[in-house]
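Q: Taking the hints into account, I'd like the entire structure generated from these sequences.
Chains B and V, in that order, give the protein sequences. Each residue of the first sequence is one higher than the last, beginning at 1 in the working numbering. Each residue of the second sequence is one higher than the last, beginning at 1 in the working numbering.
Each hint should be verified, as a subset may be incorrect.
[What the hints assert, rightly or not] Simulated restraints on C-beta separations:
no., chain 1, residue 1, chain 2, residue 2, range
1, V, S135, B, W29, 51 to 61 Å
2, V, A12, B, P129, 38 to 48 Å
3, B, A114, V, D182, 53 to 63 Å
4, B, L20, V, E211, 58 to 68 Å
5, V, N163, B, A40, 48 to 58 Å
6, B, M116, V, A103, 24 to 34 Å
7, B, V135, V, R101, 44 to 54 Å
8, B, V25, V, A132, 48 to 58 Å
9, B, I51, V, A132, 40 to 50 Å
10, V, R101, B, L20, 48 to 58 Å
11, V, N163, B, L20, 29 to 39 Å
[Claimed, not checked] If you want the footprint, here are the derived chain B segments under chain V, 3+ residues with CB under 8 Å:
no., stretch
12, 208 to 215
13, 224 to 232
Simulated from the structure, these hints should not be mistaken for lab results. For every residue, glycine included, the Cβ atom is placed at its ideal position computed from N, Cα and C.
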Amino acid sequence: MTSITVTDAATAARPETSRLTRSRVRWAWVFLTPLLIVMALVAGWPLGRTIYFSFTDARLSDMSNYGFVGLDNFYYLLIDDQWWRSVFNTVTFSVISVALETVLGMVVALIINANMPGRGLLRAAVLVPWAIPTVVSAKMWDWMFNDQFGVINHGLESLGLISAGIAWTADPTTAMGAMIMVDVWKTTPFMALLILAGLQLLPGEIYEAAHVDGASPITVFFKITLPLVMPAIMVAVIFRLLDALRIFDLMYVMTGTARETMSMSIYARQQLVEFSDVGFGSAASTLLFLIIALITVAYIVFGRVNLSGGK
Amino acid sequence: MADVTLRKVRKAFGDLEIIRGVDLEVKDREFVVFVGPSGCGKSTLLRLIAGLEDITSGELWIDGELVNDLPPAKRGIAMVFQSYALYPHMTVYENMAFGLRLAKMPQAEIEQRVKKAAQILQMDHLLQRKPAEMSGGQRQRVAIGRAIVRDPKVFLFDEPLSNLDAALRVAMRIELANLHNDLNATMIYVTHDQVEAMTLADKIVVLQAGEVEQIGSPLELYHHPQNIFVAGFIGSPKMNFVDTVVRKVEAAGITVDLPSGGTARIPVEPGPARVGDKVTLGIRPEHMLEGGSPEAQITGEVMVVERLGGHTFLYIKVGRDLVVTVQAGGESDAGIGDTISIGLPVGEAHLFDQNGHAFRRTQAPAIASRRKESFVRREAEYSARTH
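A: See below:
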């Protein structure tokens with residue numbers, strides 16, 4: 001009698017749970033659908049359109065009349081020196097600036113993580129460059145770099161280091177360096193904040209244990225802090241890398257479409273807007289998208305391998 | 001192995017004085033437990049010995065060396081932290097070897113030491129695991145192993161068992177006791193759990209508000225608490241305290257009023273006590289006798305009965321606002337609302353003056369010497385082994 005009741009209860013309970021599960025799934029879709037629709041409209045549709053136009057000869061002047069040209073756009077893109085120059089520029093810029101930002105960000109994070117008076121104020125102050133819009137800071141630095149009136153030339157001249165003003169952003173040998181400097185100045189705080197968040201998760205007793213173990217501050221940094229904060233650094237680097245690879249505003253404001261500092265984004269915009277070649281510009285954008293995706297995937301895969309294998 | 005001496009050690013954070021002048025002698029190979037309520041400064045005192053905090057004033061000697069200004073790694077100590085503080089990105093082996101590698105010890109010796117510690121703690125099979133892949137008890141072992149490999153003069157433990165569940169805590173407690181025997185090491189152990197203190201210690205230091213209340217062997221503290229604080233802190237459940245008045249003072253003891261009528265003569269050295277003084281009578285739940293006794297008894301109404309199988313705790317209301325705890329037998333048939341008589345064996349009672357100081361008991365059992373014997377035996381064993 002008892003066993004029958006138990007079995008009945010068990011079988012009766014089963015459809016009850018699955019109904020509950022079904023209702024949960026239904027509600028999940030209800031909440032997800034608006035987001036999916038918005039994503040499709042603002043991200044999926046433009047991306048799809050860009051890829052679509054990259055196989056056409058569409059012109060900006062008349063977007064309703066175009067014909068398919070197959071892979072022609074990509075062919076001409078791949079044999080264009082200027083495209084490859086902009087790829088090289090972008091990758092050079094990204095790798096150097098992100099590397100510098102990571103190192104400097106780590107230093108800044110370690111400093112503002114230390115327990116000292118005025119820490120809150122310092123944290124806020126460090127964020128100022130990040131809070132300024134890129135166009136504003138690019139313009140600001142552009143003036144500071146000015147060959148005749150710029151404060152940087154003025155400073156170097158009064159120190160006697162140079163005899164005549166250098167046109168930092170116009171001179172091909174210094175333009176990229178100047179660009180990297182501005183980007184490092186601007187985004188180091190972002191890096192520092194992400195790394196600081198990682199640092200603050202580290203338990204304090206570990207450091208006391210290391211102290212008892214006799215580890216010097218340098219050993220503690222390389223053997224304990226760095227390995228433990230590495231996941232946070234990896235995430236911060238990927239954010240910055242994605243950002244740096246599509247760099248546009250900084251260079252556009254400071255050097256316009258100068259060949260020496262042209263990035264992939266500027267190249268694509270120039271083709272699409274200035275030369276009105278929507279098809280070719282779209283092909284450049286598509287390739288830019290693929291290159292960023294490829295580098296990111298490579299970074300994630302490489303990063304994971306490094307994480308699990310590294311000690 | 002070594003002794004540790006504290007002389008008038010003080011620690012202040014700004015104006016706040018956490019440790020207010022502690023004098024303490026920890027003998028070679030002794031197991032000393034700092035115990036006290038939270039905020040009493042016991043962990044701070046341990047951290048001062050470890051060198052994780054600076055001593056504000058006073059002297060700290062380890063193995064005959066003044067170590068006030070030495071960093072932790074140079075003091076010859078090893079510490080086991082409450083949260084274990086294992087390096088999460090290192091394997092068990094690396095965790096234990098880290099300090100030795102920093103000390104530039106030859107690889108072969110590191111390996112030998114780690115293997116030996118792993119054997120002692122029965123965790124040879126865990127050496128390649130990382131802390132996240134282990135249970136709390138296993139992590140605790142690693143933390144202890146990390147201390148053992150350093151072969152320190154003094155082991156320091158900061159509430160090492162408080163993150164473990166009850167069953168594991170008892171098991172680890174026994175292991176720690178064995179470890180102390182096996183290693184013959186000086187150990188200083190901080191806990192808020194008086195059971196851990198009683199079971200592990202050769203010597204207990206009871207702290208309150210940054211000051212030492214009493215230092216003694218577990219049974220000394222149990223039978224001869226110097227004041228009401230220690231009496232209340234050592235023993236579980238807590239000692240019953242009854243406010244009363246001195247009726248008669250004799251060489252054989254002090255006679256006091258009992259709460260439900262009658263008097264009892266408590267066998268203590270009377271000292272300066274006088275008739276009419278307010279005093280506090282203390283008696284532990286486990287010494288009260290359900291069913292009364294001819295010497296002295298109190299009567300009250302049973303309010304709560306807690307049956308634990310082996311014994312039963314009765315909470316008895318005596319008079320208007322006094323509740324006493326009685327440890328009765330497991331088969332006690334007392335029920336809520338019953339009025340019962342509780343015997344009060346005067347030989348087991350404690351008496352405290354108005355300031356909370358204890359009158360010296362004259363009939364307490366002579367158990368302190370038994371602890372000493374076992375310590376002497378261990379010493380003999382140790383010297384036999386080393387020679």
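Q: Take the hints in turn and mark each one as holding or not.
A: Hint-by-hint comparison with the structure:
{"no.": "1", "hint": "V/S135 x B/W29: 51 to 61 Å", "verdict": "violated, 40 Å"}
{"no.": "2", "hint": "V/A12 x B/P129: 38 to 48 Å", "verdict": "holds, 41 Å"}
{"no.": "3", "hint": "B/A114 x V/D182: 53 to 63 Å", "verdict": "violated, 42 Å"}
{"no.": "4", "hint": "B/L20 x V/E211: 58 to 68 Å", "verdict": "holds, 60 Å"}
{"no.": "5", "hint": "V/N163 x B/A40: 48 to 58 Å", "verdict": "holds, 49 Å"}
{"no.": "6", "hint": "B/M116 x V/A103: 24 to 34 Å", "verdict": "holds, 31 Å"}
{"no.": "7", "hint": "B/V135 x V/R101: 44 to 54 Å", "verdict": "holds, 52 Å"}
{"no.": "8", "hint": "B/V25 x V/A132: 48 to 58 Å", "verdict": "violated, 32 Å"}
{"no.": "9", "hint": "B/I51 x V/A132: 40 to 50 Å", "verdict": "holds, 43 Å"}
{"no.": "10", "hint": "V/R101 x B/L20: 48 to 58 Å", "verdict": "holds, 55 Å"}
{"no.": "11", "hint": "V/N163 x B/L20: 29 to 39 Å", "verdict": "holds, 36 Å"}
{"no.": "12", "hint": "208 to 215", "verdict": "holds (count 8)"}
{"no.": "13", "hint": "224 to 232", "verdict": "holds (count 3)"}
Hints 1, 3 and 8 from the list above are not met by this structure, while the remaining hints are.
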